[in-house]
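Student: Given chain V's structure and the hints, the job is docking chain X onto it.
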Amino acid sequence: MDRKALSAAFPVTVPVLMGYLAIGMAFGFMLQAVGYNFIWAFFMSLTIYAGSGQYLGVTLLATAASLGTVALMTLLINFRHLVYGLSMLEKFRGMGWRKFYMIFSLTDETYALLSSAQAPVGVNPRNFYFAIALLDHSYWIIGSVIGAVAGALIPVDTKGIDFAMTALFVVIAVDQWKAYRRHLPALLGFGVTIVFLIILGQIFGQQQMLIVSLGVIVLLLLILRDKLEEKEETPC
Amino acid sequence: MLTTAGAIAAIAVMAVVTFLTRALPFLLFDRGSAPPKIILYLGRVLPPAVIAMLIIYCLKDISFAQAGGWVPQLISVAVVVVLHLWKHNNLLSIFGGTILYMVLVQAVFV
Numbered sequence: 001m002d003r004k005a006l007s008a009a010f011p012v013t014v015p016v017l018m019g020y021l022a023i024g025m026a027f028g029f030m031l032q033a034v035g036y037n038f039i040w041a042f043f044m045s046l047t048i049y050a051g052s053g054q055y056l057g058v059t060l061l062a063t064a065a066s067l068g069t070v071a072l073m074t075l076l077i078n079f080r081h082l083v084y085g086l087s088m089l090e091k092f093r094g095m096g097w098r099k100f101y102m103i104f105s106l107t108d109e110t111y112a113l114l115s116s117a118q119a120p121v122g123v124n125p126r127n128f129y130f131a132i133a134l135l136d137h138s139y140w141i142i143g144s145v146i147g148a149v150a151g152a153l154i155p156v157d158t159k160g161i162d163f164a165m166t167a168l169f170v171v172i173a174v175d176q177w178k179a180y181r182r183h184l185p186a187l188l189g190f191g192v193t194i195v196f197l198i199i200l201g202q203i204f205g206q207q208q209m210l211i212v213s214l215g216v217i218v219l220l221l222l223i224l225r226d227k228l229e230e231k232e233e234t235p236c
Numbered sequence: 001m002l003t004t005a006g007a008i009a010a011i012a013v014m015a016v017v018t019f020l021t022r023a024l025p026f027l028l029f030d031r032g033s034a035p036p037k038i039i040l041y042l043g044r045v046l047p048p049a050v051i052a053m054l055i056i057y058c059l060k061d062i063s064f065a066q067a068g069g070w071v072p073q074l075i076s077v078a079v080v081v082v083l084h085l086w087k088h089n090n091l092l093s094i095f096g097g098t099i100l101y102m103v104l105v106q107a108v109f110v
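Read top to bottom, the protein sequences are chains V and X.
The numbering of the first sequence is our numbering, which starts it at 1 and goes up by one.
The numbering of the second sequence is our numbering, which starts it at 1 and goes up by one.
By construction, these hints were calculated from the structure, which means they are not laboratory data.
Treat the hints loosely; a few may be bogus.
To be verified - Simulated pairs of lysine-lysine, BS3-like, Cα-Cα distance not exceeding 27 angstroms: (1) K99(V) <-> K4(V); (2) K227(V) <-> K37(X); (3) K178(V) <-> K60(X); (4) K37(X) <-> K178(V); (5) K99(V) <-> K37(X); (6) K178(V) <-> K227(V); (7) K60(X) <-> K159(V); (8) K4(V) <-> K91(V); (9) K91(V) <-> K37(X); (10) K178(V) <-> K87(X).
Unchecked claim - Incomplete in silico selection of chain X near chain V, CB under 8 angstroms: (11) A9; (12) V17; (13) A49; (14) L74; (15) V77.
Even for Gly, the Cβ is constructed at its ideal location relative to N, Cα and C.
Only chain X is shown next, with the shape it has when bound in the complex:
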């Protein structure tokens, strides 16, 4: 657990970095100069790659030593994908998958 000062510092960093990513286009390109093509290219191809990376990051603690270490994750991710393709409802997909995962890790794979 972080100290109070440490947690405040972390939150301040998150706030500043988030604001900077939102402000950067306005700081760089508001004078009418066109953004470099390479930035536009990365702005288009990087988001899906980063989201894919973050999904793997979320699942980094998976362990194949026992079923409880990977089966709940696999089932729940699959359910989120299927729910989302089927109903296209963000909230249903997120909460459906999360509740299922909680049931699996708390009651099924204990």
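The shape of chain V in the complex, shown without the other chains:
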């Protein structure tokens, strides 16, 4: 590892250090609360490495969801990564074997840093990007392990801690609401899911209706494409 790149990358990653330690700890704490200890937290953070995805993973493990549901929910929550990859095609070109790791570790926060951070003069930009990715990943792992250990040691009533996942999604939704000019996609998501999952889910089962909700949302978005595209010519 290039030490110059590492010491140049560290100051850039400090905001992510704070965020990942805190959010990672909450993840580890929740995971311990549903009966999975720090070893599980370590391996989940090492191999999955996705903030909102792992929060969802806690629920999926706790409810013993089927592998099909696990795959679908993970796909849904990570769909936004598609857009991230498209804007990193140039940046990762020529990184050799490290490109594999760069793609694996492309979380929201790392994406944000890579989009804006510039390697200082004299530091190889590719080593610099790699160091940012590696540091962020290590913060996440450390945070989640600390959280799980703390959850096992501190005897607090964890009832209601799963609300952290709801709160995380609400925060993302508020940010998106401000960033997008058209709010129809979000409103559609709320409306369709309330009708299909909450109301019809009582009759047909919620697992099935979640998939139906997604199908209806995609269908409606495709039908409304002309309307939504003309009004949103300048994506943010």
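Tutor: Showing chain X alone in chain V's frame:
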């Protein structure tokens, strides 16, 4: 509760699917071909719709039979929104809302 093997399988599926969603653009479009417009369109409009859907999914166990089944959720979500619009601090919004919710379900609406 899942068996150990079941939990490992679930984690492996999460890891593989997460990696695939990150790798897909590189697999499909790294040869210089432009992505289809319809994919770019969905990539732009689907994320807010999916997050909205996941919020409802998180709240799916709400019950209007008694106050404890929906008032804590309503108050806490409102507090998260207000905190976030006011302070723009992810951690404050998430942890503020969660601690409030825990207090409400553990001590107020028992």
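Student: Does each hint fit the structure? Answer for all of them.
Tutor: Hints versus structure:
About 20 angstroms separates the Cα atoms of K99(V) and K4(V), which keeps this hinted pair within 27 angstroms; it holds. A distance of roughly 15 angstroms separates the Cα atoms of K227(V) and K37(X); the hinted pair therefore holds under the 27 angstroms criterion. With a CA separation close to 25 angstroms, the supplied pair K178(V) and K60(X) stays within the 27 angstroms bound. Between K37(X) and K178(V) the alpha-carbon distance is near 24 angstroms, which keeps this suggested pair within the 27 angstroms criterion.
Note on K99(V) and K37(X): the hinted pairing holds, with a Cα-Cα distance of about 26 angstroms set against a maximum of 27 angstroms. At most 27 angstroms may separate the alpha-carbon atoms for a hinted pair to count; K178(V) and K227(V) meet this at roughly 20 angstroms. For the given pair, K60(X) sits about 17 angstroms from K159(V) by alpha-carbon distance, which is consistent with the 27 angstroms threshold. Simply put, K4(V) and K91(V) have alpha-carbon atoms about 20 angstroms apart, close enough for the 27 angstroms limit, and the pair holds.
For the hint linking K91(V) to K37(X), the alpha-carbon distance of about 22 angstroms falls within 27 angstroms, and the restraint holds. Between K178(V) and K87(X) the alpha-carbon distance is near 14 angstroms, which keeps this suggested pair within the 27 angstroms criterion. Annotation: A9(X) was flagged as interfacial toward chain V, and the flag holds, the nearest CB pair being 6 angstroms apart, inside 8 angstroms. Interface hint status for V17(X): upheld, as the beta-carbon distance to the closest one in chain V is roughly 4 angstroms, under 8 angstroms.
Evaluation of the A49(X) hint against chain V yields a held restraint, the C-beta minimum of about 4 angstroms falling below 8 angstroms. With 8 angstroms as the threshold, the beta carbon of L74(X) stays out of range of chain V, its nearest partner Cβ sitting at about 11 angstroms, so the hint is violated. Given hint, V77(X) at the interface with chain V, holds; its Cβ is 6 angstroms from that chain's nearest Cβ, closer than 8 angstroms.
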